[in-house]
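Trainee: Listed here are the chains, written in short residue letters.
Number of protein chains: 2
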Amino acid sequence: MNAGTARRFGINRRVVLSATALIPLPLLHIPSALAQEANSQLASWNDGPAKQTIIEFVRVTTDQANPKFVPPEERIATFDQDGTLWVEHPMYTQVVYCLDRVPAVVAQRPELKEREPFKIVLSGDREQMAKLSLRDLEEILLATLTGMPVEVFETEVKKWIETAKHPRWKRLYTELTYQPMLELLQYLRANRYKTYIVTGGGQDFVRVYSQQVYGIPPEQVVGTAGGTKYGYDQGGKPFLTKEPKLLLNDNDAGKPEGIHLEIGRRPRAAFGNSTGDRQMLEYTGAGAGARLKVLVLHDDAKREYEYGPARGLPDTKVGTFTQELYDEATKDGWTIVSMKSDWKRILAFE
Amino acid sequence: MNAGTARRFGINRRVVLSATALIPLPLLHIPSALAQEANSQLASWNDGPAKQTIIEFVRVTTDQANPKFVPPEERIATFDQDGTLWVEHPMYTQVVYCLDRVPAVVAQRPELKEREPFKIVLSGDREQMAKLSLRDLEEILLATLTGMPVEVFETEVKKWIETAKHPRWKRLYTELTYQPMLELLQYLRANRYKTYIVTGGGQDFVRVYSQQVYGIPPEQVVGTAGGTKYGYDQGGKPFLTKEPKLLLNDNDAGKPEGIHLEIGRRPRAAFGNSTGDRQMLEYTGAGAGARLKVLVLHDDAKREYEYGPARGLPDTKVGTFTQELYDEATKDGWTIVSMKSDWKRILAFE
Numbered sequence: 025m026n027a028g029t030a031r032r033f034g035i036n037r038r039v040v041l042s043a044t045a046l047i048p049l050p051l052l053h054i055p056s057a058l059a060q061e062a063n064s065q066l067a068s069w070n071d072g073p074a075k076q077t078i079i080e081f082v083r084v085t086t087d088q089a090n091p092k093f094v095p096p097e098e099r100i101a102t103f104d105q106d107g108t109l110w111v112e113h114p115m116y117t118q119v120v121y122c123l124d125r126v127p128a129v130v131a132q133r134p135e136l137k138e139r140e141p142f143k144i145v146l147s148g149d150r151e152q153m154a155k156l157s158l159r160d161l162e163e164i165l166l167a168t169l170t171g172m173p174v175e176v177f178e179t180e181v182k183k184w185i186e187t188a189k190h191p192r193w194k195r196l197y198t199e200l201t202y203q204p205m206l207e208l209l210q211y212l213r214a215n216r217y218k219t220y221i222v223t224g225g226g227q228d229f230v231r232v233y234s235q236q237v238y239g240i241p242p243e244q245v246v247g248t249a250g251g252t253k254y255g256y257d258q259g260g261k262p263f264l265t266k267e268p269k270l271l272l273n274d275n276d277a278g279k280p281e282g283i284h285l286e287i288g289r290r291p292r293a294a295f296g297n298s299t300g301d302r303q304m305l306e307y308t309g310a311g312a313g314a315r316l317k318v319l320v321l322h323d324d325a326k327r328e329y330e331y332g333p334a335r336g337l338p339d340t341k342v343g344t345f346t347q348e349l350y351d352e353a354t355k356d357g358w359t360i361v362s363m364k365s366d367w368k369r370i371l372a373f374e
Numbered sequence: 025m026n027a028g029t030a031r032r033f034g035i036n037r038r039v040v041l042s043a044t045a046l047i048p049l050p051l052l053h054i055p056s057a058l059a060q061e062a063n064s065q066l067a068s069w070n071d072g073p074a075k076q077t078i079i080e081f082v083r084v085t086t087d088q089a090n091p092k093f094v095p096p097e098e099r100i101a102t103f104d105q106d107g108t109l110w111v112e113h114p115m116y117t118q119v120v121y122c123l124d125r126v127p128a129v130v131a132q133r134p135e136l137k138e139r140e141p142f143k144i145v146l147s148g149d150r151e152q153m154a155k156l157s158l159r160d161l162e163e164i165l166l167a168t169l170t171g172m173p174v175e176v177f178e179t180e181v182k183k184w185i186e187t188a189k190h191p192r193w194k195r196l197y198t199e200l201t202y203q204p205m206l207e208l209l210q211y212l213r214a215n216r217y218k219t220y221i222v223t224g225g226g227q228d229f230v231r232v233y234s235q236q237v238y239g240i241p242p243e244q245v246v247g248t249a250g251g252t253k254y255g256y257d258q259g260g261k262p263f264l265t266k267e268p269k270l271l272l273n274d275n276d277a278g279k280p281e282g283i284h285l286e287i288g289r290r291p292r293a294a295f296g297n298s299t300g301d302r303q304m305l306e307y308t309g310a311g312a313g314a315r316l317k318v319l320v321l322h323d324d325a326k327r328e329y330e331y332g333p334a335r336g337l338p339d340t341k342v343g344t345f346t347q348e349l350y351d352e353a354t355k356d357g358w359t360i361v362s363m364k365s366d367w368k369r370i371l372a373f374e
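As you go down the protein sequences, you meet chains U and Z in turn. Going by my numbering, 256 is the number at position 232 of the first sequence; the sequence numbering is gapless. Going by my numbering, 316 is the number at position 292 of the second sequence; the sequence numbering is gapless.
Derived from the structure by calculation, the hints contain no laboratory data. Each hint should be verified, as a subset may be incorrect.
Since copy identity is lost for identical chains, a pair holds within one copy or between any two.
[What the hints assert, rightly or not] Cut-off 25 angstroms, straight-line C-alpha distance, at most; resulting in silico cross-link-like pairs (DSS-like, lysine-lysine):
(1) 194 x 269
(2) 364 x 341
(3) 269 x 253
(4) 261 x 355
(5) 92 x 261
(6) 137 x 269
(7) 92 x 341
(8) 194 x 92
(9) 326 x 253
(10) 261 x 189
(11) 269 x 189
(12) 261 x 194
In this text the structure is predicted, and so the values were computed from the model without any measurement.
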């Protein structure tokens, strides 16, 4: 190993000199040892350009001798949730939660019983429910996500998420996380990246289970957020009520705006799967130095779902990955992860 | 030392057995050793009830055998900035910044030159400036804190904070931090508390220097926050512009609301010095288990300033600590830190 090689692999000369005296020669192949370790940490990833790009990004940004080195405190990686970390089809999990909550809300507010869209939801008619407009959905979201103390909401979500099951796999939603992405989160954290969720979903919703499911603490979840209102109960004890006031719509341009609001640093790496993540990836990419921009493409109809409409995949409106986004990603050198070819395994239990 | 004692002090029996074989007996007085360590970490604090309460809080919440033990991930401590971590008199540092920025803003927007309140600020007439109304100040804040890309703002603040000096001490503002509070931040972090600033000041402003001055990274600064707007420059490069739209007024009830928005956990310990911190301390105190609520009282006219009007101190409008707040604190068992008697040293350079 000459000095150039050592520098290229980020090894300080003095360290090499003192270490070589103690270590048998075969162990000095540090780069391949590192690569091997990464390989085993990313065991559910097939070898290919996506995996290689990720490993290379981590290598250069964590190697002090590399010009692309990033100090640990600046190692911020942001992940979209729905469709990037877990299954989003046939319906966003939080929307399922809201629909499931309607009977309980109507029980407390009987005046809603005969009113649309609540009447349709109460009828249980799936076909009609699938036709609900965005405005109908918003009304359901408002009724089920606001108006209660934050702790009451947390308790309700916790109870639901521990029992509700996905219609296809008959498994808890929290089991429908992508194994390769869980490995990636761990791998990045092992390399001192601080992992954040930046989701279009409700931040109070995701915070309930983020630690348990992703190893991401609530304070590292940025999401669509409403205001809260401080008040006192009859005993004078203060509490916060969830208000029907939108502070942050954490989709599209809202993602970089939310990142600035709640993190205050530009990410070094960002992961998404739809047009709603476009601005987050653009913003990440616009910073100086090494940046990783990754989009997950749902192209595996058999093991998960197939939708796009990038590369001619059907557009199913949930998690739309347009051809335009695909073209931008290709042009700007973003990494496209094909679930079909880049992932050895998709769901942990399979 | 019997098993009960060991358990009470959170010491695993096996560790004790193996350690006792190696350590001379006098060193086994671990509790007093811990207390001694805390004492040396809080070297600028006089012995007294305030210091004792803080040390005792940390002891019980970090001792696994104690019923008041708090898991590390829940150890959140929030600190007001102005008047709690650094000097806020005679004027909030950020307001000084905004006034100092007026000439540069007027140079770019000449139409403001002959308009109040900008005209008064440009005149440099301190007496007139002191009489500016809240509405005048808001207009100055809007003109100097919004309308520019976030990076431009950061660069401007950085440049200013590295040169601007406090009129009394002729020192950089960043030198006017309270030494006992810097020690306290360190002490809490050494005990795996995550320290946050929760300030009525602008979060983008404080984030520029929080790491360097307090060891608190930008993502752990919650403050008054405006919206940003995502857009592209002429070369197609995305950037965020600071908008004149208030998202969070992080004062009074806004503090617990901001904590919920950006942290999502109720603090275990909260530190403030004025009525603007009241709700943050109430909210902190309303959680179950051990909670620490601390108010700093400015009662040292000689070494710093003397204002209140708690305990008959003059009300100077900046950092008002009312008698009502003092009474609530006393009634609910909050800890009052007297700068005069609890702090051996106030400013690090003195």
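Trainee: With reference to the structure, classify each hint as holding or not holding.
Mentor: Taking the hints in turn, this is what the structure says about them:
no., hint, result
1, 194 x 269, "neither (35 angstroms within a copy, 45 angstroms between copies)"
2, 364 x 341, "within (20 angstroms within a copy, 64 angstroms between copies)"
3, 269 x 253, "both (10 angstroms within a copy, 19 angstroms between copies)"
4, 261 x 355, "between (56 angstroms within a copy, 14 angstroms between copies)"
5, 92 x 261, "between (52 angstroms within a copy, 21 angstroms between copies)"
6, 137 x 269, "within (24 angstroms within a copy, 38 angstroms between copies)"
7, 92 x 341, "neither (38 angstroms within a copy, 49 angstroms between copies)"
8, 194 x 92, "neither (45 angstroms within a copy, 40 angstroms between copies)"
9, 326 x 253, "neither (46 angstroms within a copy, 40 angstroms between copies)"
10, 261 x 189, "neither (36 angstroms within a copy, 43 angstroms between copies)"
11, 269 x 189, "neither (30 angstroms within a copy, 41 angstroms between copies)"
12, 261 x 194, "neither (41 angstroms within a copy, 45 angstroms between copies)"
Checked against the numbered hints listed earlier, the structure breaks hints 1, 7, 8, 9, 10, 11, 12; every other hint is satisfied.
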